[in-house]
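Going by the UniProt record's numbering, 1 is the number at position 1 of the sequence shown; the sequence numbering is gapless.
Be careful, since some hints might not be right.
[As the list claims (entries may be wrong)] Ranges of calculated distance between the beta carbons of each label pair, as one might list FRET restraints: (1) Glu48 <-> Val11: 18 to 24 Å; (2) Asn4 <-> Tyr26: 20 to 26 Å; (3) Gly45 <-> Thr21: 16 to 22 Å; (4) Asp17 <-> Glu54: 21 to 27 Å; (5) Thr21 <-> Glu48: 17 to 23 Å; (6) Asn4 <-> Lys24: 34 to 40 Å; (7) Asp53 <-> Ile10: 21 to 27 Å; (8) Tyr6 <-> Phe52: 17 to 23 Å; (9) Val8 <-> Tyr32: 16 to 22 Å.
Think of the hints as simulated: they come from the structure by calculation, not from any bench.
Each residue gets a CB set at the ideal place from its N, CA and C atoms; glycine is no exception.
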Amino acid sequence: MLNNNYNVYIVDKEIQDKSITICKKYDGSLGYADCTSIAVMEELGIHEIVSFDEHFDNENSI
Numbered sequence: 001m002l003n004n005n006y007n008v009y010i011v012d013k014e015i016q017d018k019s020i021t022i023c024k025k026y027d028g029s030l031g032y033a034d035c036t037s038i039a040v041m042e043e044l045g046i047h048e049i050v051s052f053d054e055h056f057d058n059e060n061s062i
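Take the sequences, apply the hints, and build the full model.
Quick look at the structure:
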C-alpha cells in the first residue's frame with residue numbers, strides 16, 4: 001500500500017444476503033465479488049467506482 005488511507009469493511013450476513021439478491025437479479029452474469037462490491041457500495045452510499053470491469057457499467061445504483 002502506498003499509504004494508510006483505506007478502510008477495511010467486514011462483510012456481515014446482511015451484506016452477504018444482499019449480495020446473493022444482486023447476483024440473482026443479474027442471473028449469474030456477475031460474480032459474487034462484484035455483487036458484494038455493489039452491496040457494500042450501496043450500504044455506504046457510494047455511487048461511483050473506478051474499474052476496468054465492464055460489469056459495473058450496467059449497474060444503475062453506481
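Here is how each hint holds up against the structure:
Separation of Glu48 from Val11 is about 21 Å and conforms to the stated range, judged on CB atoms against 18 to 24 Å. Distance hint check: the CB atoms of Asn4 and Tyr26 are about 34 Å apart, inconsistent with the given range 20 to 26 Å. Judged by the Cβ atoms, the range 16 to 22 Å given for Gly45 and Thr21 holds: they are separated by roughly 18 Å. The hinted range of 21 to 27 Å is satisfied by Asp17 and Glu54, whose Cβ atoms lie roughly 26 Å apart.
Roughly 22 Å separates the CB atoms of Thr21 and Glu48, a value that falls within the hinted 17 to 23 Å. Range check, Asn4 to Lys24: about 37 Å between beta-carbon atoms, so the 34 to 40 Å window is met. Here the CB-CB span from Asp53 to Ile10 is close to 23 Å, well matched to the stated 21 to 27 Å. Separated by about 19 Å at the C-beta atoms, Tyr6 and Phe52 satisfy the suggested range of 17 to 23 Å.
Separation of Val8 from Tyr32 is about 19 Å and conforms to the stated range, judged on CB atoms against 16 to 22 Å.
Consistency note: the structure conflicts with earlier hint 2 alone.
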